[in-house]
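> Given next are the chains, with one letter for each unit.
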Amino acid sequence: MARALLADCRFCAHDCGVNRLVGERGLCHAGAAARFFSAQTEVSDELELIPTFAVALSGCDLRCDFCITGASSWNPRAGAGFDAGAMAAKAKAALLNGARTIMVLGGEPTIHLPAALEFVSLLPETAKLVWKTNAHGSAQARELLDGMFDVWLADFKFGNDACARRLAKIPDYVRVVEENLRWANDHSELIVRHLLMPGHVECCWAPVAEWLAGNLPGVKVNLRPGFWPTWHAARHSELRQPVLKPESERAIALARALNLNLIP
Amino acid sequence: MMKRPTKNSIRPAGENLWSEFLILPDGRILAHNLTRPGAELLHKLSPDDGQIALRMKHHASTNHELPD
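Same order as they appear, the protein sequences are chains A and B.
Here the first sequence stands for residues 1 to 264, where the numbers follow the working numbering.
Here the second sequence stands for residues 1001 to 1068, where the numbers follow the working numbering.
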């Protein structure tokens, strides 16, 4: 069913409505077939999720200039063809070797929803599944995802639409993300991630933190200070450096003042 | 002239493990896609680093539990 929806693709909030089955391309440029650029067991995510067997699908609907996997995330033709059955076999082996969770990410996995759903349908029911997303999906995507993943690991990158438009060329960002986070909190376990960006503590982190405190009190929040100035980050003067200690200390103090549930 | 390899082209196609590290001028090391071998390397470089030790510990102590 999900694959048929590629004929009128509205998986993300761009709502392009293109027919990917006949070669039309929306803003993400993805075709009908999914590709992946990484699949391995990793230990760099939240402590409660690691080790995780992380499958990164190529392509994304955002265009974050600071994307740490920009070459693969902006290009849905990067990497190798995704075979759900073969990948499920690898994931099962990873579970037997001690992986605690299976994580589907990108790029942005929402644009490859049919492949992602086929993949997880082949995994054991006992497997703990994590949907790592930019939280820019549509209501249609959420409906398809309902009950499929145990944990939504969702980014809240920008605290205002101006920064979202300037750094990721994305309109109406805050409304869409807040809608997705509310839904995810109601339908699964939710962990919200915020990548702290240099020069964006007050304009981005502060409003995100305040919204989380006011609307999703107690939700798990991972504030990540390890900004990596890569890809096209140098297009923006403030993003040509890592986050310095005073900024990360200010961000953590803000989180504590708001009583956010920070997790490592 | 030889084409300069891009970050994307030098990555393995999915069969090999890979982690990326960025060493900052102040000595901090940022890690991306950290694997167990990558974590072991960082742990050797900085055995007192609590964050890496935690990640090593979690990895070593975790097993996938099958249903009863």
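Just so you know, these hints were derived from the structure itself, not from any lab.
Please read these numbers as outputs of a predicted model, since none were measured by experiment.
Be aware that a few hints might be false.
Some, not all, of what chain B presents toward chain A, calculated at C-beta under 10 Å [stated by the list, open to error]:
1) 1016
2) 1018
3) 1020
4) 1024
5) 1030
6) 1035
7) 1036
8) 1038
9) 1039
10) 1041
11) 1044
12) 1045
13) 1046
14) 1047
15) 1051
16) 1056
Okay, the calculated beta carbon distance ranges per label pair [unchecked claim]:
17) 25/A with 1044/B: 42 to 50 Å
18) 1018/B with 7/A: 29 to 37 Å
19) 161/A with 1018/B: 45 to 53 Å
20) 125/A with 1025/B: 45 to 53 Å
Where a beta carbon is used, it is the ideal one built from N, C-alpha and C, also for glycine.
> Indicate, hint by hint, whether the structure satisfies it.
Status of each hint after checking the structure:
1. 1016: 8 Å, holds
2. 1018: Holds: closest Cβ of chain A sits about 7 Å from residue 1018/B, inside 10 Å.
3. 1020: Given a least distance of 8 Å, the restraint on residue 1020/B holds.
4. 1024: 6 Å, holds
5. 1030: 5 Å, holds
6. 1035: Status holds, d = 6 Å.
7. 1036: Nearest chain A Cβ about 6 Å off; hint holds.
8. 1038: 8 Å, holds
9. 1039: Holds. Min distance 5 Å.
10. 1041: 12 Å, violated
11. 1044: 15 Å, violated
12. 1045: At 16 Å from the nearest chain A Cβ, residue 1045/B fails the 10 Å test, so the hint is violated.
13. 1046: Violated. Min distance 15 Å.
14. 1047: 16 Å, violated
15. 1051: 7 Å, holds
16. 1056: 8 Å, holds
17. 25/A with 1044/B: 42 to 50 Å: 46 Å, holds
18. 1018/B with 7/A: 29 to 37 Å: Given range 29 to 37 Å: holds, Cβ gap about 36 Å.
19. 161/A with 1018/B: 45 to 53 Å: Violated - the Cβ-Cβ distance for residue 161/A and residue 1018/B, about 35 Å, lies outside 45 to 53 Å.
20. 125/A with 1025/B: 45 to 53 Å: Holds: the Cβ-Cβ distance is about 49 Å, inside 45 to 53 Å.
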